[in-house]
Amino acid sequence: MSKQYEGKLWALRNFTLDLGPGVLGLLGPNGAGKSTLMRILATIANPTEGAVRWNGADIGEQPDALRSELGYLPQDFGVYPNLNAVEFLEYLAAVKGIGAAAARRRIDELLALVNLTDARKRPLGGYSGGMRQRVGIAQALLNDPKLLIVDEPTAGLDPEERVRFRNLLSELSGERIVILSTHIVSDVEATATGIAIVSRGRLVSHATPEALLARLEGRVWEWVVGSDELTAARQRLLISTVTRRSDGVHARVVAAAPPGPGAQSVAPTLEDAYLNAVSTERRTEAS
Amino acid sequence: MNPRVLYQIARADFLERVRRYSFLVTLAFTLYAAFEANRGNIVANVGHYRGVYNSAWLGMLLSLTASFLISVIGFYIIKNTVERDRRTGVGQILAATPMSRLTYLAGKALSNLAVVGVIAAILLCAAFAMQLWRAESAGVDPWKLAAPFLILTLPALAFLSALAVLFECVPGLRGGFGNVFYFFFWTALLAVGIQSHAGPIDLIGIGFVEGSVKQGAGQLPGYTGGFSFQIGPHGGESFDTFVWNGFQWTGSVIAARLAWFLFAFLLLLLAAAFFNRFDPSRGVFRRFAAFRRTPAAETEGDGAEAEPEADRVTRSVTHLRPLAVAPAGSRFPAVLVAELRLMLKGRSRWWLLVALGLLIGSFAAPAGEPRGKVLAFAWFWPVLIWSAMGAREAQHATGPLIFSSARAVARQLPAVWLAGTLLALVTSAGTGLRFLAAADWVHVFAWLCGAMFIPALALALGVWSGTSKLFEGLYTAFWYAGPLQPTPALDFMGASPHLSVRVPIFYLAATIALLAAAAAGRRRQIRS
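Sequence lines, in order, name chains C and L.
Residue numbers for the first sequence, in the numbering used here: 1 to 287.
Residue numbers for the second sequence, in the numbering used here: 1 to 528.
In case anyone wonders, no lab produced these hints; they're calculated from the structure.
Idealized CB from N, CA, C, for every residue including glycine.
Fair warning: there could be bad hints in the mix.
To be verified - With the Cβ distance kept under 7 Å, some of the chain L side facing chain C (calculated, not the full set): (1) Ala146; (2) Ala338; (3) Gly346; (4) His396; (5) Ala397; (6) Ser405.
Start from the sequences, fold in the hints, and give me the full structure.
Shown next, in the form of C-alpha cells:
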C-alpha cells in the first residue's frame with residue numbers, strides 16, 4: 001500500500017508486509033511513516049493505494065472485521081477528565097461491545113496490571129502523564145485484542161513501569177500480533193520477535209532480531225581514537241556510539257573492514273543493525 | 001510591553017488562524033452577507049424610505065452590518081485563541097518565557113482584531129462594489145464610505161477582541177456557560193445601545209446611527225419617525241429613497257468611540273489578572289484560596305499530580321486472563337447507558353435541582369403560554385450537555401480510541417443521539433404528558449420532534465466543527481428567537497400555543513438531514 005497526504009507528500013510508498021503472531025518492533029527515524037502505518041492498521045486512516053488485509057478481509061472495505069479484534073494505543077490520545085479510570089474504561093468497554101460483567105472483571109485485572117488499582121477512583125484530570133499512559137495501555141487491552149498496536153507506549157513511563165510493560169508485551173504475544181512502534185531500541189530488543197525498519201515511507205528491512213544481528217556479525221568494531229580525530233572519523237564512518245574514557249574515545253563503528261589500527265571486533269547490537277539499515281537506505285536513495 | 005514581542009504573538013496567531021479551513025468558511029459567509037446586502041436583504045430604513053445607495057449610506061449600512069454580525073457571530077469565532085495554545089501545548093512553551101501576561105493577552109487581542117478586521121474590510125470593499133453595481137449615486141466618496149468602519153466599527157471590534165480574551169481567561173466564562181452568557185450579554189448591550197442614542201455605552205453605534213439617519217429623514221413627506229435595521233428578507237417591501245449625506249463626526253462622538261479602545265485595554269488588564277499562564281493551579285481564585293489555606297493544609301499539597309505511595313511499591317505482575325466473553329456484535333443498550341452516564345457525569349447537585357424544578361414546573365404549568373415557556377426553559381437548561389455531543393471526541397482527543405472500535409458510526413453515534421433525545425424527553429416529561437392527557441396531538445408531535453431535533457442539531461454541529469461553541473451560540477440564538485418569543489416558524493419545540501403541524505414536520509425532516517450530516521461527518525473523521 002501507499003499513503004499520500006495533501007501537499008503530495010508520500011508518507012508510505014509501496015509498503016508490503018506480512019504479519020503473524022509475535023511482537024513486531026517497528027523502528028524508523030522521525031517522519032519515516034510509522035505513525036501513518038499504525039493509523040492505517042488501526043483503521044482510522046485509509047491507504048491512498050493498495051489494501052490492508054486482516055485474515056483475508058480488506059479492512060478498508062470491512063473495517064469492523066478488524067476493529068472488534070483490535071487494541072490500539074495511539075501516540076497522542078486524551079481522556080475525559082471528569083471520569084475516573086474505572087468509568088472511562090467502562091465507557092470504552094461499552095463502545096467496544098464488551099458485556100458489562102465481563103468488562104468489570106477485565107477492568108479490575110487491567111488496573112491491577114498497570115498498577116492503578118489505588119488510583120482507580122480518582123478523576124483522570126488529576127493523573128500524571130505516566131498514569132494517563134497506563135490508562136491508555138489498559139484500554140488497548142480491554143477487548144483481549146488479536147491485534148495490538150502500540151505507538152510509543154513507554155513514553156512518559158518511569159523505568160519500573162517500562163520494565164513491567166515490556167514483560168506484559170512479551171507475555172501477550174503468544175497467540176496474537178503485537179506491533180510496537182518506538183524510538184527506544186532497548187524496548188524492541190527486550191520484546192520483539194520480528195523487526196521492521198521503516199525509512200522515508202519504505203520498508204527497509206523485515207527480519208528476526210537474530211537475522212538482523214547475523215548480518216552484522218564481524219562488521220562492528222570498537223576503535224579507540226583521539227578526540228581530535230573523531231570529527232574526521234564521523235564523516236567517513238558509521239559510528240553508532242561514542243564513549244569517552246581515560247585512554248581516549250571509544251567509538252563503536254559499523255564497517256566491513258577494521259576502521260583503523262587496533263580496532264577490535266565486537267558483538268553487534270540492534271542499535272548497530274538499525275543505524276546500518278537506515279544509513280544504507282539513505283546512501284542508496286542518494287545514489 | 002515589548003512591541004516586537006506583541007507583534008510576533010499577534011502575527012503568529014493570525015497566520016495560524018487564517019491558514020485554517022474554518023477561516024475560508026468565515027470568508028465565504030462574509031461574502032454571502034455582502035451578496036445578500038446587494039440583493040436588498042440587508043436594509044436600513046426610516047419608515048418607507050431608505051437612503052440612496054451613495055457612499056454615505058452604504059458606508060453606514062455595511063459598517064452596521066459588520067458591527068452587528070461580528071459582535072454576535074464573530075465573538076464565537078475569535079474566542080479560541082488562548083484555548084488553542086492550551087490545547088496544542090504551545091502555551092506551556094510560552095509560559096516558560098519571560099513574556100508578561102499582559103503582553104501575551106494583548107497580542108492575542110490584536111490577533112482577534114486582525115481576524116475580525118479582515119471580515120470588516122471585506123464588507124468595506126463590498127460597500128464600494130455595491131455603489132458601483134447599484135449605480136444609484138455616481139460619485140464615490142472614500143471618506144464617507146470608510147469613516148463609519150473606522151469610527152464606529154473598529155472601536156467595537158477592539159472591545160470585542162479584548163472581551164473574547166477576557167472570557168477565555170475567566171474560569172466560569174471560558175466554557176459553555178460563557179458562550180451562552182455572551183448571547184444574553186450581547187442582547188442586553190444592543191438594547192442599551194439603542195436606548196442610549198450615541199451615549200457612551202453604545203458599543204456598535206446603533207443609537208448614533210439611528211439618530212443621524214432620523215435627523216436626515218426628518219422633513220421627508222409622510223415620515224412619522226422610526227428607524228429599522230434588518231438582516232434577512234423583508235417581505236419584498238419597496239422603499240422610496242432619499243439622499244442622506246452622512247454622519248456629523250463631532251469631537252464628542254469621536255471621543256465616545258475612542259473610549260472603547262480604553263475599555264478594551266481595561267478588559268485586558270482584567271484578563272491578565274485572571275490569566276493562569278497555562279497553570280491550572282494558578283489564577284486569581286486559586287491565589288485567593290492559597291492565601292486562605294492554613295499552613296497545615298499547605299503541607300498536604302494538592303496531590304493531584306503525585307502518584308499514591310502505594311503505587312510506587314513493586315508488586316508481582318498480575319497476569320492477564322483471556323476475556324471471559326468475546327466482544328459481542330451488538331450491545332447497543334450498553335453503549336446508550338455509557339453515553340448517558342458520560343453526559344451526566346460531573347453535573348452538580350444544583351444543576352440537577354434546577355432540572356428537577358423545571359420538570360415539576362412542566363407538570364404544573366397551565367396550558368397555553370406558561371406551559372410553552374416552561375418547556376422552553378426546560379430545554380435550555382441542558383444546553384451544555386447537548387453541546388458536547390459530537391464534539392467531545394475532538395475536544396478531549398479520545399477520537400483514536402473510540403473511532404478504532406467496531407461500529408463507531410452505526411452504534412456509538414446513534415447512542416449519543418438517543419441519549420440526548422432521552423435527556424430532552426425526561427427533562428420535559430411533564431409537558432409531554434400534559435399534551436398527551438389533553439389529546440393535543442399536534443403539540444405531542446411537535447414535542448417529540450423537538451426532542452429529536454435538538455440533539456441531532458448538536459451532534460451534526462459538534463461532529464463537523466469539533467467544538468461545542470457553535471451549537472451553544474447558534475442554539476441560544478435559535479431558542480431566543482423561536483420558542484421563547486415565540487416565533488411559530490422557528491418554534492422547533494412546540495412552545496407556541498397555536499402551532500401548525502407543518503412546523504414540526506419541517507423539524508422532523510431537518511432532524512433526518514442533520515443525522516445524515518452527522519454520520520457523514522463522523523465517517524470523514526474516522527477515515528481521514
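Quick rundown of the hints versus the structure:
no., hint, verdict
1, Ala146, "violated, 38 Å"
2, Ala338, "holds, 4 Å"
3, Gly346, "holds, 4 Å"
4, His396, "holds, 4 Å"
5, Ala397, "holds, 3 Å"
6, Ser405, "holds, 5 Å"
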